[in-house]
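Here's the letter readout for the chains.
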Amino acid sequence: MEYFLQLFLGGLSRGSVYALIALGYTMVYGIIELINFAHGEIYMIGAFMGLIVAGVLTSLGWPALSILAIALIVAVLYSAAYGYTVEKIAYKPLRSAPRLAPLISAIGMSILLQNYIMLTQTPDFLPFPRLIPELAFMDRFSNYLGTSDMFIIVTSLVVMIALTLFIKFTRMGKAMRATAQNRKMAMLVGVNVDQVISVTFIIGSSLAAVGGVLIGAHVGQINFAIGFLAGIKAFTAAVLGGIGSIPGAMLGGLVLGWTESFATGYISSDYEDVFAFLLLVVILIFRPAGLLGKQRAQKV
Amino acid sequence: MKAKWFVTVLAVALAGMLAVGCGEKKEEKKAEAPKQEAPAAAKKLVLGVAGAQSGDLASYGLPSVNAAKLVAKEWNAKGGVNGMMVEVLPMDDQCKPELATNAATKLVSEKVSLVIGHICSGATKAALPIYKDAKVVVMSPSATSTELTQSGSYPNFFRTISYDLIQGNAAANFATGVLKVKKIAVIHDKGDYGKGFAESGQKSIEEGKLAKVVMFEGITPGGVDYSAVIQKIKASGADCVLFGGYYPEASKIVVQMHKKGLKIAFITDDGVKDDTFIKLAGVDAEGVYATGPQILADNEVFKKAAAEHEKEFGSAPGSFFAQGYAAAQTLLNAVAKAGSTDYDKVVAALRSEYVETPVGKIKFDAKGDAEGVSFSVYQVKDGKYVLVK
Amino acid sequence: MAQNTTDMNNQNTGNPVLSVRNVSMNFGGLRALSEVDLEVRPGEVVALIGPNGAGKTTFFNCITGIYTPTDGEVTAYPKTGKRKRANGVRINGMRTNLVCELGMARTFQNIRLFPSMTALENVMIGRHCRTKSGILGAVLRPAATRREEQEVVDNSYELLTKVGLEKLANEYSRNLPYGAQRRLEIARALATEPFLLLLDEPAAGMNPQETEELKQMVIRIREEFKVSVLLIEHDMKMVMSLSDRIYVMEYGRIISTGTPKEVSEDPQVIRAYLGEDDDA
Amino acid sequence: MKDTLMRYVVKLVRQALVASIWLSFLTLPIMVIRVDTIEQTVTWRWMHLAYMAVGSFVLALAWYAMMDRRDRGQAKKDLETVERVSALSQFLSDPRFAKPLMAFGFLVAAAFPWFFSLYQTNILVSAMIYVVLGLGLNITVGLAGLLDLGYVAFYAVGAYTYALLNHHFHLGFWAVLPLGAVLGAFFGILLGFPVLRLRGDYLAIVTLGFGQIIRLVLENWGDFSYGPSGISNIDRPGLFGINYSVEQATTYIYYIMLALVILTIFVTARLKDSRIGRAWLALREDEIACQAMGIDNTRAKLMAFALGATLAGLMGVVFAAKTTFINPASFTFMESAMILAIVVLGGMGSVLGVILGAFMLMLLPEYLRAFSEYRMLIFGATMVLIMVFRPEGLVRAKRKVYKINVEAAG
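So the protein lines, in turn, are chains W, H, P and G.
Numbering (this note's numbering) for the first sequence: 45 to 344.
Numbering (this note's numbering) for the second sequence: 318 to 706.
Numbering (this note's numbering) for the third sequence: 8 to 287.
Numbering (this note's numbering) for the fourth sequence: 4 to 413.
Among the clues, some could well be false.
In the DSSO-like style, the derived pairs of lysine-lysine whose C-alpha atoms are separated by at most 30 Å in a straight line are [claimed, not checked]:
no. : chain 1 : residue 1 : chain 2 : residue 2
1   : H       : K621      : H       : K361
2   : G       : K406      : P       : K174
3   : G       : K14       : W       : K132
4   : P       : K233      : G       : K406
5   : P       : K139      : G       : K401
6   : P       : K139      : G       : K406
7   : G       : K403      : P       : K174
8   : G       : K14       : W       : K136
9   : G       : K401      : P       : K174
10  : P       : K139      : G       : K403
Covered stretches of chain G, as calculated for chain W (at least 3 residues, CB under 8 Å) [said to hold, decoys possible]:
no. : region
11  : 29-35
12  : 116-123
13  : 213-227
If you are wondering where the hints come from, they were derived from the structure by calculation, not from laboratory data.
Ideal Cβ placement from N, Cα and C applies to all residues, glycine included.
My request is simple: use the sequences and hints to build the entire structure.
Below, the structure written as structure tokens:
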């Protein structure tokens, strides 16, 4: 039982990491139906921004918590700017293009950003400062969860709830839903679709940056290539949960995390990814729109 | 109109590239042709450096290029090798076998007769037959797959690093003989190198019968969280972890093991015996054992080379720098001793001449492994790897 | 089909080509169709009318295999083909392509052509289920395949001439004017050699002159190809002058059936439909 | 006239200036500051900012000028109902010119290995392998519209088929070649079945997962596949037991590949304009209408998967024989993405486009070796640029114009 609980909580932490990135992924997908391969790269850039800010402030001798706060803010601002710019350069000119064109442009963007960071920063792994303080009361749970695990679980939950509320109740959120359902219609009823898409990218990228800084601090190291794997896992989580659905992204991330954790714990970590993908295939076969995705009747 | 314009430009560009590619080659031929006849008249000696120089494994390949450049600079300052100026020709393969064959044929087509590389064992295996056929001497700073030398299929291959089997044995013997642990969990990163090391270690432990392998598993490289496998190690009752792989994963595992309160011996390989590991893992690195060539910090040549690197490139040298440096030194030295780039003479010189390198004073045995390069066990103490006696 | 559940027997006797009995369709808790009975007899033009959202298109989807009805029987009586049975073929839940192969071809309310294929190719798609050549044939192009291919081309071109699109044969269908797209859909459906043509609002978006031409075309097609026609339409003028019989649907139920005259005089119909949603 | 030009230039410069300032600001921290958390040092590189500002200004200028052109072209195209055919493609499709051109191309291709170095031949073989892979994926994605992100799995199946059979039973290249194709097709159908119901991006992620599963199994099932260390010393293709040198063998493979490329072009070009090809197109354009018109979607999908996979399996065998060494690392998702990029960059559904795309994506990085460090950067940027300025790919697919038998048509 203890072993089960350990695996469960480990999976929860891992799943929250996936969920945190998947939330931004699923938002962007929900609005423009584009598999945004560059999302992982924005996450990576967020982590690097955090690292740079932290490095500069550490050399100036600031206290840890204020560094975390400032690093988060700067990373969010910059990543949002990157997301906005990437959308303007690589996706906006392709609004009316064939469906696969933006996908290829996204892959190109992803390669471009990776190499940009590699060339201007470093190809090596860099230690990420341990910005998340160890809380004393967490000590007795250390066998199950650390402080940074806790941080990430809570953050992804808060972000999920905030996003859901934002989409449900704000003007912009409503405009987003309208755009997601039918872009042309939304345009006709006066939604500024370009603006909605920009805002979506800004929010999605900000989330990626939060993920980048927190996960960087949690894992303790980053390099220019971390975005790729994170992107694939997040995409899987988003699809698993039903792409476009915000609680779905969270659930998808958790299911993915638990699957990997239990597969490792009870079978073998050799095949943890195999089980993760098999689960994905099985779930999609029985629920072709993902766990929480809406099963829309075909319109004929 | 536009389509026409675009396709025309593209066609011209492609044709141009083709022409440039060919043109280069022809020039090369002209330059090389007299060299074949009269080596003394030739002006340059091209040292190919092949390996991952872009992509996510670039950090393992670029240090060798720097090392080769430094060694070349040193020789050129002394007037070159037999009067030939040494020129370094980097050739990227991203550690992909198919690109490695492209890189190899490119080097062969350019009549390069000395190659440092490749970095990854897989890429090396793919490229070697091409070099072998063209009689090119190849020396890898980092390809540790046992079969590369021990199978005897590649007489043109040398390396300045020892191989998985020796290293796995060293680690296993240290665990069972010195630490006297009884239950060992063997973990690897599913990579060529890591799994090779882990398998050698596992075999050695099982044959030694002094300890039991309680677990043998691969982890997913690049993962954010290894808590599940750590809980599993814990549940298996292991008193020692043997890890094959590179420092990014090793540091994550060590840190997370300690977080989960699992403080057992951690023995790992040369891919982790890098100062970056200590920086990445911080205090958690303390006490970790790693096997590695017995060198470096107290080696004079290494100190000098590292200082040069700092001066030239403004940063500390990276992975396999020492091995790459040694490879460049021994190759150029062999050419100098052989008096030409003739394959047989260079090979003979490599096998007979000792050279002082960052990895020790070495020459090569008949199979191509460096004699004098062996493995010792190091332990992290106060933020430094120190030799375990 | 011995007896008819609807008690009107004003036209010919003999087997119907399509008989729908007691069909219901639920989407979750929503009942889109309830206990619909409908029948099409050989050579008839039958219209299905009703206000927007009455369930007409859902009904089409139920009888062409796109949806499987929750309840009831849909039976077709093909004239030829390997699936011909004396007592009909039950087609609820049958795959769409088999329904088409059986001989029931449809058009779509919001035109569903293949936009980046030419007009001719669109019609050629309709010939797919009546031809055979496979991969080997495609690659080796033996005489049989070449012949079949040429037949498909000629046949399709002929169909294009029937709907007056022969001049636009090699245009991408996305570039055709709206009316032409509607006609192209009909040609594509005819290419499958149907015994029953299902037209979903063929006149939508057309001006009166185009509508009239369409009407003439439908009449011509019925004569020439000996097909029965079941159409959904909002244009009352066209429906009244074209149809042999009319079914009126409201809230998923058939509320009235009969000849155009009978239906137009039915007070229920006037209240439910003609009163509020007059001809466009 | 002069005035409008002036105004246009001023507008461009202003746009470019804004873009350059924005990009400089955007890249400022990453370009300028370099934090080394290992050595605890912070380096400031202000010169980079200047480079960036100037560079991005020039690039932005070019970008906006091109963008303007593009939009004007777009507007013009919208006004025309008839598709314009460019003079070049008209020229290419005219049989009087096309035939000699093709013959000339073939002659050049046939003579290539005798005039160019081993390296040139070798990378051309790689490029040709990707031509066939591109054409194969073009069937699945370009014609049938099934977004397959795990295509490389079938390539792996072919490669491992040859490697394992050669390793254990010393089966030769020619014996395994058809077997690789058959196994490829088998796996194509195996993947096809579960994904029949899925559409669009759900299909994409499942195929991606399938590709990962195959690679992970090859990586982990060491007893079967020799794991990550791979299989080396695979025989190059031989003929009647003659052993070739590397140079000869490469030339030999070159001709094998040339034949396979021609065969593939022939087969795919014919399929494209056949009954089956039309069915795929219809499937791509509108799945519901396609099925409603009597096409068996299941069959069409499975056939598309199987045929695409057959070609990949075939190429896997050639790949294993060419590199003589394979390991799972050659079959990553990035590889699938590359092949997909070939199809989309070249122009979905167009055979000529796919060939151009393959040559571009495979040869560009090779000829960019001079810029070695920057080449992937340039590569990524090229992908974005081509998509932005030619979203339908380099060559737009054209539909066949059928000859109508006028008598029959009456």
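* Asked: For the region 213-227 of chain G, does the count of residues with a C-beta closer than 8 Å to a C-beta of chain W reach 3?
  -> holds (count 6)
* Taken at face value, is the distance from the CA of G:K406 to the CA of P:K139 at most 30 Å? -> holds, 20 Å
* Asked: Keeping to a limit of 30 Å between CA atoms, is the pair of G:K14 and W:K132 held or broken?
  -> Cα-Cα ~19 Å, so holds.
* Pair hint outcome, G:K401 versus P:K174 [Cα-Cα no greater than 30 Å] -> Holds. G:K401 to P:K174 sits at ~19 Å (cutoff 30 Å).
* To do: Go check the region 116-123 of chain G versus chain W for me, would you? Three or more residues, Cβ under 8 Å, otherwise it fails.
  => Violated - the region 116-123 of chain G has 0 residues with a Cβ nearer than 8 Å to chain W, which falls short of three.
* Are the Cα positions of G:K403 and P:K174 separated by 30 Å at most? -> holds, 16 Å
* To do: Compare the distance between the alpha carbons of G:K406 and P:K174 with 30 Å, and conclude whether the hinted pair is satisfied.
  => Holds, at about 13 Å.
* Asked: Between G:K14 and W:K136, is the straight-line Cα distance small enough, at 30 Å or below?
  -> The hint holds at about 21 Å.
* Restraint status (C-alpha distance of H:K621 to H:K361 at most 30 Å) -> Measuring from Cα to Cα gives roughly 26 Å; hence the hint holds.
* Asked: Against chain W, does the region 29-35 of chain G show at least 3 residues with beta-carbon separation below 8 Å?
  -> holds (count 5)
* **Hint consistency between P:K139 and G:K403 [alpha-carbon to alpha-carbon, up to 30 Å]** => holds, 20 Å
* Quick one, are P:K233 and G:K406 close enough, alpha carbons at most 30 Å? -> holds, 29 Å
Figure legend: structure checked against the earlier numbered hints; the only hint not met is number 12.
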